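These are the residues of each chain, in order.
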Amino acid sequence: MSEPPSEALDPRKVGMLAFLVSEAAFFGTLIATFLFFLRPIRSGEPNPRDAFDIPLVLLSTFCLLLSSATIHQAHKSLLRGWRWAFLGWWATTMVLGIIFLGGTALEWSSLIQEKQLTISRNLLGSCYFTLVGFHAAHVSVGVVMLAVVLLLAMRDVVTPQQSLGAELVSWYWHFVDGVWVVVFAVVYVVAR
Amino acid sequence: MATIERESHVESPPWPARVHDWLTTVDHKKLGIMYVALAMGFLIIGGIEALLIRWQLMWPESRIFGQDTPTLFNQLFTLHGTTMVFLVGMPVLIGMANYLVPLMIGARDMAFPRLNALGLWTTLFGGLVLYLSFLTPGGPPAIGWFAYAPLTGHTFARDVGTDLWAMGLLVSGVGTIGAGVNFLATILAMRAPGMTLGKVPFFVWTILWTSVQILLAIPPLTAALIMVVLDRQLGAHFFDAANGGSPYLWQHLFWFFGHPEVYILILPVFGIISEVIPVFSRKVLFGYEFMAAATMGIAFIAMGVWAHHMYCVGLARTVDIYFAAASLLVSIPTGIKMFNWLATMYGGRIRFTAPMLFAIGFLAMFLIGGLTGIMLAVAPVDFQVSDTYFVVGHFHFTLIGGTLFGVFAGIYYWYPKVTGRMLSETLARWQFWLLLVGFLLTFGPMHVSGVLGMPRRIYTYLPDRGWDVWNQISTIGALIQAPSYLIFVWNLMASLRSGPPAGDDPWDAWTLEWATTSPPPPYNFEEVPTVRSRRPLWDFKHPDDPDWKYEG
Numbered sequence: 060m061s062e063p064p065s066e067a068l069d070p071r072k073v074g075m076l077a078f079l080v081s082e083a084a085f086f087g088t089l090i091a092t093f094l095f096f097l098r099p100i101r102s103g104e105p106n107p108r109d110a111f112d113i114p115l116v117l118l119s120t121f122c123l124l125l126s127s128a129t130i131h132q133a134h135k136s137l138l139r140g141w142r143w144a145f146l147g148w149w150a151t152t153m154v155l156g157i158i159f160l161g162g163t164a165l166e167w168s169s170l171i172q173e174k175q176l177t178i179s180r181n182l183l184g185s186c187y188f189t190l191v192g193f194h195a196a197h198v199s200v201g202v203v204m205l206a207v208v209l210l211l212a213m214r215d216v217v218t219p220q221q222s223l224g225a226e227l228v229s230w231y232w233h234f235v236d237g238v239w240v241v242v243f244a245v246v247y248v249v250a251r
Numbered sequence: 087m088a089t090i091e092r093e094s095h096v097e098s099p100p101w102p103a104r105v106h107d108w109l110t111t112v113d114h115k116k117l118g119i120m121y122v123a124l125a126m127g128f129l130i131i132g133g134i135e136a137l138l139i140r141w142q143l144m145w146p147e148s149r150i151f152g153q154d155t156p157t158l159f160n161q162l163f164t165l166h167g168t169t170m171v172f173l174v175g176m177p178v179l180i181g182m183a184n185y186l187v188p189l190m191i192g193a194r195d196m197a198f199p200r201l202n203a204l205g206l207w208t209t210l211f212g213g214l215v216l217y218l219s220f221l222t223p224g225g226p227p228a229i230g231w232f233a234y235a236p237l238t239g240h241t242f243a244r245d246v247g248t249d250l251w252a253m254g255l256l257v258s259g260v261g262t263i264g265a266g267v268n269f270l271a272t273i274l275a276m277r278a279p280g281m282t283l284g285k286v287p288f289f290v291w292t293i294l295w296t297s298v299q300i301l302l303a304i305p306p307l308t309a310a311l312i313m314v315v316l317d318r319q320l321g322a323h324f325f326d327a328a329n330g331g332s333p334y335l336w337q338h339l340f341w342f343f344g345h346p347e348v349y350i351l352i353l354p355v356f357g358i359i360s361e362v363i364p365v366f367s368r369k370v371l372f373g374y375e376f377m378a379a380a381t382m383g384i385a386f387i388a389m390g391v392w393a394h395h396m397y398c399v400g401l402a403r404t405v406d407i408y409f410a411a412a413s414l415l416v417s418i419p420t421g422i423k424m425f426n427w428l429a430t431m432y433g434g435r436i437r438f439t440a441p442m443l444f445a446i447g448f449l450a451m452f453l454i455g456g457l458t459g460i461m462l463a464v465a466p467v468d469f470q471v472s473d474t475y476f477v478v479g480h481f482h483f484t485l486i487g488g489t490l491f492g493v494f495a496g497i498y499y500w501y502p503k504v505t506g507r508m509l510s511e512t513l514a515r516w517q518f519w520l521l522l523v524g525f526l527l528t529f530g531p532m533h534v535s536g537v538l539g540m541p542r543r544i545y546t547y548l549p550d551r552g553w554d555v556w557n558q559i560s561t562i563g564a565l566i567q568a569p570s571y572l573i574f575v576w577n578l579m580a581s582l583r584s585g586p587p588a589g590d591d592p593w594d595a596w597t598l599e600w601a602t603t604s605p606p607p608p609y610n611f612e613e614v615p616t617v618r619s620r621r622p623l624w625d626f627k628h629p630d631d632p633d634w635k636y637e638g
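If you read the sequences in order, they're chains A and B. Sequential numbering of the first sequence, starting at 60, is according to the numbering used here. Sequential numbering of the second sequence, starting at 87, is according to the numbering used here.
Everything hinted at is true.
Sample of chain B residues facing chain A (criterion: CB under 7 angstroms; computed from the structure):
| hint | residue |
| --- | --- |
| 1 | 263 |
| 2 | 274 |
| 3 | 275 |
| 4 | 320 |
| 5 | 330 |
Under 10 angstroms between C-beta atoms, here's a sample of chain A residues computed to sit facing chain B:
| hint | residue |
| --- | --- |
| 6 | 72 |
| 7 | 83 |
| 8 | 88 |
Negatives, chain A to chain B, calculated, CB over 12 angstroms:
| hint | residue |
| --- | --- |
| 9 | 131 |
| 10 | 140 |
| 11 | 165 |
| 12 | 173 |
Hint data in this document are derived by calculation from the structure and do not stem from the laboratory. In this text, all values refer to a predicted model and were calculated from it rather than measured experimentally. From the three backbone atoms N, C-alpha and C, an ideal C-beta is built for every residue, glycine too.
All chains, please: the whole structure from these sequences, using the hints.
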C-alpha cells in the first residue's frame with residue numbers, strides 16, 4: 060500500500076541543501092562571469108600570469124582542503140562520543156580556515172600595493188576581487204559558525220545525540236571548500 | 087464554528103497588543119495574510135502608476151506633467167514594472183502558498199517559522215528601499231524594469247535612485263530565496279502520514295517546482311545586481327563597454343533570472359487553477375500524473391530559454407535557432423495542462439460561482455497570452471515586433487490574464503477558509519465583468535499598435551502614425567478596469583464583517599485545508615490526519631466509497 064511517511068527526511072537537512080543549491084547558483088554566476096571575460100582578463104594590464112603569487116595561493120589552498128578532512132574527522136569523533144577529539148579537530152578546522160583568510164589578506168595587500176590591481180583597475184580586478192571576495196566572505200561566515208559550534212560544544216550543548224547543527228555547519232564548510240576548488244581552477248589555472 | 091464561539095465569548099485584546107502580535111508573529115497563516123496584504127497595497131500603487139502612464143498616452147504629443155513629463159514617464163514605467171513583478175506578483179503567490187501549503191499537507195507550520203517572518207519583512211524592506219528613491223534629489227530610477235546597461239551606468243544614471251533600485255531588489259530577493267528554502271523543506275519533509283509526493287494537492291506540487299526555480303534563478307539576479315552596485319560605487323567594469331565590460335552580459339544574467347521568473351509567477355497559478363476547476367466541476371483533476379510531469383517539464387525547460395528575450399542583440403544564427411526551438415517546446419507541457427483542465431470540466435456539473443468564473447477567465451485570457459508567446463518565440467517574428475506594444479500586450483495577457491485572474495480565483499476560493507466569511511457573489515460578478523471588459527480593451531489594442539510599429543516606453547507619439555485610436559481604446563479600458571480593483575478591495579474588507587458565515591467547508595472540497603475550522607486554529611489540526619489518497623477529505627466524507635480503492 061502507501062509508502063511510509065517522509066519521516067526519513069529531516070527538514071533542517073533539506074533546508075540546508077536547498078540553501079546550498081542557491082549558493083551554488085550564486086557562485087556559478089560569478090564564475091560564469093569570470094569565464095565570459097576570459098579574453099580581456101588575459102590581455103589586460105596587470106594580467107593573471109604576472110599578478111598572482113602562486114606558491115602563496117597553493118599553501119592557503121592546501122590549508123582549506125585539509126580543513127575539509129579535519130572537519131570530517133571532527134564530525135566522526137562527535138558521533139562516536141569522543142569529546143576531546145571532536146573539540147581538537149573542530150578547533151584545527153577553524154585555525155586552518157583562519158590561515159586561509161590570512162593567505163587571502165596577504166595576497167590582496169600585495170596585489171593592491173605592489174601590482175596596483177584594484178577592483179576598478181581593469182576587468183581582471185573587477186572579476187577577481189568580486190569572485191574571490193565573495194568566497195572569502197563565505198569562509199569568514201563559516202569561521203564564525205565554527206566558533207559558535209565550538210563555544211556550544213565547550214558548554215556541552217553539542218553531543219552525539221544533538222549533533223545536527225555541527226553536521227550542517229560541516230556541510231556548509233565542505234561546500235565552501237568545493238567552491239574554492241572551482242575558483243582555484245578558473246582563476247589561477249584556466250585564466251593563465 | 088470555532089470562529090463564532092470565539093467572537094461571542096472572548097473579548098479581543100486592545101489594539102497595541104494585536105499590532106504587536108501581528109508584527110512579531112511567526113505563524114504561517116498570519117505571515118501569509120500579511121504577504122497578500124503587502125501585495126495588494128503595492129498592486130494599488132503599481133496600478134496608479136499604470137493609470138498615469140495610460141493617461142499620458144491617451145493623446146498624441148501630450149505632456150500631462152508639463153516640462154518633466156519625459157523623465158517622469160521613464161520613472162513611472164520603471165517603478166510600475168518593478169513593483170508588479172517583485173512586490174505584487176511574487177509576494178501574493180508566496181503569501182498564498184505560505185498560508186496553504188502547511189494546511190494542505192497536514193502540517194502545523196512551515197519548516198522554519200522565523201525564516202518565514204524574515205522573508206516577509208525583507209520583502210517589505212526591499213520595497214521601501216525602492217520607494218525611498220522618491221525622497222532623493224534625482225527621484226526614482228528611470229531605467230526600465232530590466233535595467234539594461236549602460237542605462238544603469240554612472241554616465242546615464244547619476245542619481246542614487248538606481249542604487250536604491252538595485253539594493254531594494256537585492257534585499258527582497260534574499261527574502262524570496264528564504265521562502266524557496268522554506269517551501270522545499272516543508273513540502274519534502276513535513277507531509278502528513280501517508281501523503282506521498284504522488285498524493286500532494288496539485289497546488290503543493292507546483293509550489294515545489296516554483297521553489298526549485300526560485301533557488302536557481304534568484305541568486306544569479308542577486309549576483310548581477312551586486313555587479314551593478316560594484317560598477318556604480320567602486321568603479322568596477324562589468325557592464326562598462328568602454329573598459330572591456332559587456333552590456334550583453336547584463337542581458338544574459340538578467341534574463342537567466344527573468345525567464346524562470348515568469349514561470350515563478352505562473353506555476354503557482356497553474357496550481358490554484360488545478361484546485362479550483364476540479365472542485366467546481368465536481369470531478370477529479372484529469373491526468374494528475376501528466377499534469378505533474380508537465381509542471382516539471384516547464385520548470386526544466388524554463389531554465390534554458392532566456393535568450394529569446396535577446397534575439398535583436400544579434401546573437402549567432404545557431405543560438406537563435408536553439409532558443410526559438412527551446413521556447414516553442416514550452417508550449418507542449420503548457421498545452422497538456424490546458425487540455426487537462428478542459429477535460430476536467432468536460433461532463434462535469436460546473437458551478438459558476440466566483441472562483442470558477444475567474445478560473446474560466448484565466449483559461450481564455452492565458453490562452454491568448456500563450457499564443458502570442460508562441461509567435462514571439464519565433465525569431466523572425468520577434469525581429470519585427472520586439473520592444474513594441476505587441477510585446478507589452480503579450481505579457482500583460484499572461485500576467486493579468488494569467489497570474490492575476492488565477493490569483494483572484496484563488497482568493498475567492500480560499501477567503502472563506504481564511505476569514506470564516508463568504509465574499510459577496512454580486513460584487514464578485516461586477517469585478518469580474520469590469521475587469522474582463524476593461525482588460526480586453528486595454529491590452530487587446532496594444533497588439534495592433536505594436537504591429538503598426540509603436541515602440542514600448544516612448545512617452546509620446548506624433549498624431550500622424552495611426553496609433554492614437556488604439557491608445558485611446560487602451561486608456562479607456564484602463565479606466566474601466568480601475569474600479570474593478572476597488573470593488574475587489576471593498577469586497578475583501580466589507581465581507582470581513584458582513585459576509586455570511588462560511589463554515590468549515592463551504593465548497594464541498596476535498597483537500598485537507600477544508601478539514602479544519604475556518605479560520606483554522608494556530609496549530610491547524612487537532613489531530614494530524616492520515617492520508618490514503620489525493621482527496622483525503624473525500625475519503626473522510628465517503629467512507630463507503632473512498633478514492634484509495636481506485637488510485638494505483
